[in-house]
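In case you want the letters, here they are:
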Amino acid sequence: MTRTGWRILGAAALALGLMQPVGAAGENLKVGMITTLSGGGAGLGIDVRDGFLLAVKQAEAPIEVVIEDDQRKPDIAVQLADKLIQSDKVDVMTGIIFSNLAMAVIPSAVAQGKIYLSPNAGPSQLAGAGCHPNYFNVAWQNDNLHEAAGAYANSAGHTNTFILAPNYPAGQDALTGFKRFYEGELAGELYTALGQTDYAAEIAQIRASGADSVFFFLPGGMGISFLKQYADSGVDMPVIGPAFSFDQGILQAVGDAALGVRNTSQWSGDLDNPVNAAFVESFEAEYGRLPSLYASQGFDTANLLISAMGKADIADLDAFRAALKEADFDSTRGAFRFNTNQHPVQDIYVREVIRDGDVFTNRIVATALRERGDAYAAECPME
Amino acid sequence: MSGVLLLEQLLNGVQFGVMLFLMAAGLTLVFGVMGLINLAHGSLYMVGAFAAAAVSAATGSFLLGLGAALAAAAAAGALIEVAVIRRLYARDHLDQVLATFALILIFSEGTRWLFGSFPLFLDVPGWLAGPVALPLGIDYPKYRLAVIAVGLAVAAGLFWLIAGTRLGVQIRAGEADREMIAALGVDITRLYTLVFALGAALAGLAGALVGAIQSVQVGMGEPVLILAFVVIVIGGIGSIRGAFVGALLVGLTDTLGRVLLPLAMVHVVGPQAAATAGSAVASMAIYILMALVLVFRPAGLFGKV
Amino acid sequence: MRRETIVNAALALGLLAFPLWAHWAGEPFYITLATRAAILALAGVGLNLALGTGGLVSLGHAAFFGLGGYAMGVLAWHAQMYTPMQVFGMTVPGTKSMPVIWLVAMSGGALLAALIGALSLRSSGVYFIMLTLAFGQMVYYFAISWPAYGGEDGLSIYLRNGFPGLNTLDPLQFFALTYAVLMAVIWGMARLRASPFGLALAAARQSPARVQAVGIGVFPLRLAAFVLSGAVTALAGALFADLNRFVSPSMLSWHTSGELIVIVVLGGVARLYGPVAGAVLLVTLEHVLGGVSDYWQIFLGLGLLAVVLFARGGLIGALAGRAVAHD
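Protein chains in written order, with numbering that gives the first Met the number 0: chain A, 0 to 382; chain B, 0 to 304; chain C, 0 to 326.
Calculated from the structure, these hints are not laboratory results.
Keep in mind that a hint or two might mislead.
What the hints assert, rightly or not - From chain B, some residues computed to sit far from chain C (all C-beta separations above 10 Å):
no.	residue
1	I105
2	G109
3	Y286
As the list claims (entries may be wrong) - Label-pair ranges, simulated between beta-carbon atoms:
no.	chain 1	residue 1	chain 2	residue 2	range
4	B	L9	A	T158	27 to 35 Å
5	B	H266	A	G333	46 to 54 Å
6	C	A147	A	E325	35 to 43 Å
7	C	F87	B	R171	49 to 57 Å
8	B	V267	A	G156	52 to 60 Å
Glycine included, each C-beta is placed from N, C-alpha and C at the ideal position.
Could you put the whole structure together from the sequences, leaning on the hints where they help?
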């Protein structure tokens, strides 16, 4: 359970204090990162961690990061949160990848006065009535990418889409999100088992349904299996999905089957802004692989934190929260600001999977939603 | 639902069943001959898939990958048999469960250590890609037909091996009376290693075949392992014939359950909740099937009481 | 005094002394770790009755553990949302009171164990293992896909439930409570094992035919043990959920069943304090090895193998010797 993580000490940066915007008090800020580093889903946590540490290193910020591995188990994550708060006495927490772990940790962590910056999960409960002044989401509200897929399906002229997702809360939210913006008919709506690996029966139903397009949310290995089997089945109607099944880490495992698929994301490696260009280049130089969506989110999370450290001291929680809410940093995805519920307002793009040499990657082909907040902000009592 | 679609779903169920048979055959063989319950069978499936992915990527040949999967899984099987498993034959089931559970931890994290945390790539070979037109207007993936063919061939081969070869005679004798065949001068140690490696190779073959249309990743063997256990319990532990019938039953129940239950639930709970409720019941369908079979036949369909 | 008694006493005192030291040293996290060990030990004590004394290798005890967790989760959730629940047409309010939750968890665990046991105990050996595994999976898939109580996301409880006269939010007081429950259950188990019921159960493990011959029904005997075992494991599940203030289907997964068996066997099968030793060892290993390597589970696996192959009495067997072993 407690992988007592190694500690990155940016203390050297103190010497450079005059050149860098550092914390007002000049003290180290302590960040506790709980993320998934072993078992299934470890690739996502590793990317968030590496993106975060890259930003800390580049800014030479006086941040000490205590990293812990949650093994994707909620009870371990809760226990690690206790450890980080009680033993390590961290100021800020971040890192959790999966919504079910986020729901286990975040409500009690923010209630104990800790700042939590979410680099990936954005469950609807925390965006609506359960929002909290100490909780900031730097990635997206869970529905966002699915909403964008629904909007894109309209603009692409699809009028009879078949939609499917695993039968668990995130899957049900995904289909709800898609339907929120999609205006056409549904050729079919299907829930699969979580962890299912064979989709022959579903693909046969899709073929028989007379649909003109398919939207699916099947994260991790489920998406890889579905795409390979779909490509092999000879059904050739267009596929739309959120970026999770088409990201840098797993595209190579899907291979040709993903080529040309449209997917929605708030970030892409070819997004044209100087911060992103520098990020992609330095990430590849540092780690020897292309950054993923998750790496960009880790990177942005760290930069948001660093921007607030330049404006306020963590000891003054109100001022620090206000500094965070300004979101005065240059994000890799361009324009970024916080909504009243402290979730992002940002553009969401449509990407296409392409092959660049022998590496599969994405390029942006359209913008699905501009300055999109989320559907739950109105329920949040914060202003 | 149209009759043709139903027919296609039946074919899907058979294909899934045949794949489960490859997994279950090794499990049931090992249990029948050595009386060993092996939770690490799913790890051998994973070893096969990873070996196939690594070798196909390096050589570009799917068949070489398949060969590598067989070899790697058989070798891994033989290795753990010699190092660990053979010390467990005389032990009770509890020790076997625990030791093979430990092997799962070692295999899973070891594979992650060797290959990293990201899924590997393994694709259907070009000459088996795409669909083929069957009678009645069914377009069915060639590769899945090939999986059915391979599975049936392996099943036939296994029946021949058990019924018609010297090794088969020894295996049947071993199932019936362990002391006796040792007394007859059969090298029982070698026989056990051979049977275990054979079961492992079958699991590796299943892993490689399935890896081409699924995700090759750490932990991929565990869901299949549990299904394979359900199969051999339904079929009767130790019986190859039972494993075959059980695998087809489970494959068909699972596939048709997923398709038909949501449709049926519309009449029970209404269209709104039908999709989720149907899927919830469908995911339990095979366990309900197993419970039913065991209520009427406590030792499975073909098991000896 | 027998050596095992000394080892047991040392274990009980050590588990008590460690969090006291942690409290003194200002390391509340170690109190949490000790609480986790005590709760896992309690679950192991429950399993040990079926597995050790009764010889019933259940690979589905996660179902009872998780059910206990959900008893806590569902009751506390309804209390927290101020929405009563409808049970068979009756309106039942939720509760934040531990004793009530424990009662519900234990009754629920007993009921589920009666159901699973009645169906599974007709078979034996490997069929029993597979059946319990399959029933466990059935409950697991049900919990994941049933949307009412969070499904895969699980249920979060903001405040730990209360116990009359205690401040359960204080780590040390909550530890004391779980420790007291653990000790009470172990005491009860010791009494049970010495009772005619316990002796008959142990005899049925070694020779069912003989027990049958003296006129005791083996099936009802085993079913009773299984039900009791399920109830104790469910109680541990309720406490575990309260420790984390969270419950999710991961408590129901078959890996949890495997871990519970690991706890029992690491400590020593059918030893009274075996699960305590096993749980302490597992939590320590997780904590220490986890700091050494990302791939620490390889070492956990190797360690387990070594115990199974070479140290069959488990930790207590190694410390107390085999002479006092049960058979």
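Hints and how they fare:
no., hint, in the structure
1, I105, "4 Å, violated"
2, G109, "6 Å, violated"
3, Y286, "4 Å, violated"
4, L9(B) to T158(A): 27 to 35 Å, "32 Å, holds"
5, H266(B) to G333(A): 46 to 54 Å, "51 Å, holds"
6, A147(C) to E325(A): 35 to 43 Å, "40 Å, holds"
7, F87(C) to R171(B): 49 to 57 Å, "55 Å, holds"
8, V267(B) to G156(A): 52 to 60 Å, "37 Å, violated"
In summary, the numbered hints that this structure violates are 1, 2, 3, 8.
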